[in-house]
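S.K.: So you can see what is in the structure, the chains are spelled out below.
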Amino acid sequence: MRISYREAMRQALHEALANDPRVFLMGEDVGRYGGTYAVSKGFYDEFGPERIRDTPLSELGFVGAGIGAALGGMRPIVEVMTVNFSLLALDQIVNSAALLRHMSGGQVSVPLVIRMATGAGRQLAAQHSHSLENWYAHIPGIRVLAPATIADARGMLGPALADPDPVVIFEHAQLYNMEDDLRDEPNEDWACDIEHAAIRRPGSQLSLITYGGSLPKALDAAAELARDGIDVEVVDLRVLRPLDTATIAESVSRTHRAVIVDEGWRSGSLAAEVMARIVERCFYDLDAPPLRVCSEEVPIPYAKHMEDAALPQAAKIVAAVREVLNV
Amino acid sequence: MATVARFEIGFTRFLDAEGEATQELPAFVLDPANLIPLYRAMQLTRAFDTKAIALQRTGKIGTFASALGQEAIGVGVAGAMRKEDVLVPSYRDHAAQFVRGVTMTESLLYWGGDESGSNFSVPREDFPICVPIGTQVCHAAGVAYAFKLRKEPRVATCFLGDGATSKGDFYEALNFAAVWRAPLVVVINNNQWAISVPREHQSATPTLAQKAIAAGIEGVQVDGNDVIAVHDAARKAIDKARAGGGPSLIEAISYRLGDHTTADDATRYRDPDVVQQQWANEPIRRLRNYLARIGAWDQEKEERLLKECTEQINAAVEAYLAIPPPATTAMFDHLYATLPATLQEQREAAQWFASRDGGGSHG
Ligand SMILES: Cc1ncc(C[n+]2csc(CCOP(=O)(O)OP(=O)(O)O)c2C)c(N)n1
Ligand SMILES: [Mg+2]
Chain A
1 MRISYREAMR QALHEALAND PRVFLMGEDV GRYGGTYAVS KGFYDEFGPE RIRDTPLSEL
61 GFVGAGIGAA LGGMRPIVEV MTVNFSLLAL DQIVNSAALL RHMSGGQVSV PLVIRMATGA
121 GRQLAAQHSH SLENWYAHIP GIRVLAPATI ADARGMLGPA LADPDPVVIF EHAQLYNMED
181 DLRDEPNEDW ACDIEHAAIR RPGSQLSLIT YGGSLPKALD AAAELARDGI DVEVVDLRVL
241 RPLDTATIAE SVSRTHRAVI VDEGWRSGSL AAEVMARIVE RCFYDLDAPP LRVCSEEVPI
301 PYAKHMEDAA LPQAAKIVAA VREVLNV
Chain B
1 MATVARFEIG FTRFLDAEGE ATQELPAFVL DPANLIPLYR AMQLTRAFDT KAIALQRTGK
61 IGTFASALGQ EAIGVGVAGA MRKEDVLVPS YRDHAAQFVR GVTMTESLLY WGGDESGSNF
121 SVPREDFPIC VPIGTQVCHA AGVAYAFKLR KEPRVATCFL GDGATSKGDF YEALNFAAVW
181 RAPLVVVINN NQWAISVPRE HQSATPTLAQ KAIAAGIEGV QVDGNDVIAV HDAARKAIDK
241 ARAGGGPSLI EAISYRLGDH TTADDATRYR DPDVVQQQWA NEPIRRLRNY LARIGAWDQE
301 KEERLLKECT EQINAAVEAY LAIPPPATTA MFDHLYATLP ATLQEQREAA QWFASRDGGG
361 SHG
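Sequence lines, in order, name chains A and B.
Using the UniProt record's numbering, you'd call the opening residue of the first sequence number 1 and step up by one each time.
Using the UniProt record's numbering, you'd call the opening residue of the second sequence number 1 and step up by one each time.
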């Protein structure tokens, strides 16, 4: 069955709403509009305005209300338009959602799912184009997911809702229109693991490690390199917190080389964290210093030629791989 | 129980939808020479909006937010400001910006993705457009406080939407501006919509103006499609702020006749018939009817004005299109006063990437 990433996400949400009366969706324009990225299209009519709740324009307020509803026995799914505006709710996420289990001595649990679009590439200018997954990946107490395939878009939400702790799901804005075949399983249990990284393309000469919106670019780069006889492995982190160090280390100790692709800004990036773990775990296996392909450290520009130049691109990835392999 | 406080919110309109005076008009209106510039500015904004949407559709600029139907708000308020006052705009406030002296070419550069469009040639101290909703109200309170600290008789004027009044930033800004008695005038463009969310889902309060009461300042409601009412309220609030009377809030009631932005299609969530009915209230026809009634306007003047607007806009578009798109490395410009050496390397990488496929284009 061939579906889009948007549709996969929509089906996952639909299933959650249909099967669990504790689940409800809230956020800006999720109702009649059907969500900024049309993920909740049709839900308003099907589930009604109380379960598909258009919120007033106040990110801090409705993320906080999601925490309260989760504490109160519901399974809220809060949609924040983009990671950019989630910053207004950062206090609620960092100082409440992530801490309440610990600071209540284990008495309470915050089974909240926060979904947000992230990333650039759609000419939406600096204040709509940040890629701040690493900010969230920094916070103990939450789980951070970055579905980058149709199967993960379909399968991560269920386990995220089942997780008794808060989960943040990043949907890269450039992935929504991506289409792929979804494996057709008779039991229709799409639930996938939300613990491990995945090898998306096996290879022997170098590990290309990435996540989210950069995965298709990394796969394009790997395909291009393959045409020149260069065999690259592509690792999709999938789970940004807690990071699956074992899969990263296993891959790099086999290929002996690594390039990390991350749409975040280089300094203090997730790529930096991955690199640190490679150095800690695989230092003596490395045949060359690893490299990073990140966004340039500028506000993401509005004009297309500049935006393209600011972001990781297949051509930049190919160049970095060649540099590490010295070919 | 004893009543310890009592409040009310006034609503002002001078011209009804047909341009008929509903009460005695304020003194400045008695000379039509004071009204014609307001009329002209509204027409210019509307014609600019039409042109800008066409430019977006043909890929010459990026996403654009039109002010269709809300021209009277920006024009009425900016017309009441002094040159040395400061405008703190949101993304739908080019009507006010043009009155302040921002050029249409600069506006096109902004919407075309060239940050130099926010480096205004005339109102050098006006703030750039603010996109993160509501955050500008805090900035406006801060700049107003700066005026107060330096004992300058200047006023900050800030615009926001009806949706933005749900944000904490808005309440917080009003609160501290009130405590500090900062010379601030906050103007809500209540165009009834925040993208797809209608006004009644945004706030349960019968008015948005009453949000001022929680901050302890004056809040008034005006017909935002009556440029005379907007201008009069803005003048009073600005005069009061300048005289040390502290901040005020003005809710200008209007209607978003167009899509939220060019990236939106409002037929997905609102009834086109209702929008059509709202055209009866729009501000330009209203003022034109009034001016015609008092003999200050006729068909010939109208045609001449529209022709002038078109010429001015075409010249601005030509100037915009003649400006080469910024170099790829422009994204590193103005990031810091002096670019740190570590970023120089990234600048070179961007240059390398750009040199692979030539320069860019507008939009
Ligand atoms: C903090 C923040 N949240 C969300 C958005 C996305 N957004 C852009 S415009 C808008 C609606 C604003 O409505 P309103 O304040 O009424 O202004 P209008 O567009 O109607 O002029 C939203 C939610 C944003 N820009 N900033
Ligand atoms: Mg509005």
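These are computed hints drawn from the structure, not numbers from a lab.
Note that the structure is a prediction, hence the values are computed from the model and not measured.
All C-beta atoms, glycine included, are put in the ideal place defined by N, C-alpha and C.
Do not take every clue at face value.
One side only, chain A facing chain B, incomplete, derived with CB under 8 Å [said to hold, decoys possible]:
| # | residue |
| --- | --- |
| 1 | Asn19 |
| 2 | Ser58 |
| 3 | Phe283 |
| 4 | Tyr284 |
| 5 | Pro301 |
Reference excerpt, derived from the structure (chain A facing chain B, CB under 7 Å, subset only) [claimed, not checked]:
| # | residue |
| --- | --- |
| 6 | Tyr33 |
| 7 | Asp54 |
| 8 | Pro56 |
| 9 | Leu57 |
| 10 | Leu60 |
| 11 | Gly64 |
| 12 | Val94 |
| 13 | Asp228 |
| 14 | Gly229 |
| 15 | Asp231 |
| 16 | Val298 |
| 17 | Tyr302 |
| 18 | His305 |
| 19 | Ala309 |
S.K.: Now look at each hint and say whether the structure bears it out.
M.R.: Each hint tested on the structure:
1. Asn19: Interface hint status for Asn19/A: violated (27 Å vs cutoff 8 Å).
2. Ser58: 5 Å, holds
3. Phe283: 25 Å, violated
4. Tyr284: 29 Å, violated
5. Pro301: For Pro301/A, the interface hint holds, since the closest Cβ of chain B sits about 5 Å away, which is under 8 Å.
6. Tyr33: 3 Å, holds
7. Asp54: 5 Å, holds
8. Pro56: Interface hint status for Pro56/A: holds (4 Å vs cutoff 7 Å).
9. Leu57: 4 Å, holds
10. Leu60: 6 Å, holds
11. Gly64: 10 Å, violated
12. Val94: 17 Å, violated
13. Asp228: 17 Å, violated
14. Gly229: 23 Å, violated
15. Asp231: 25 Å, violated
16. Val298: 4 Å, holds
17. Tyr302: Holds, about 3 Å.
18. His305: 3 Å, holds
19. Ala309: This interface hint holds because 5 Å falls under the 7 Å limit.
Figure legend: structure checked against the earlier numbered hints; hints not met, in rising order: 1, 3, 4, 11, 12, 13, 14, 15.
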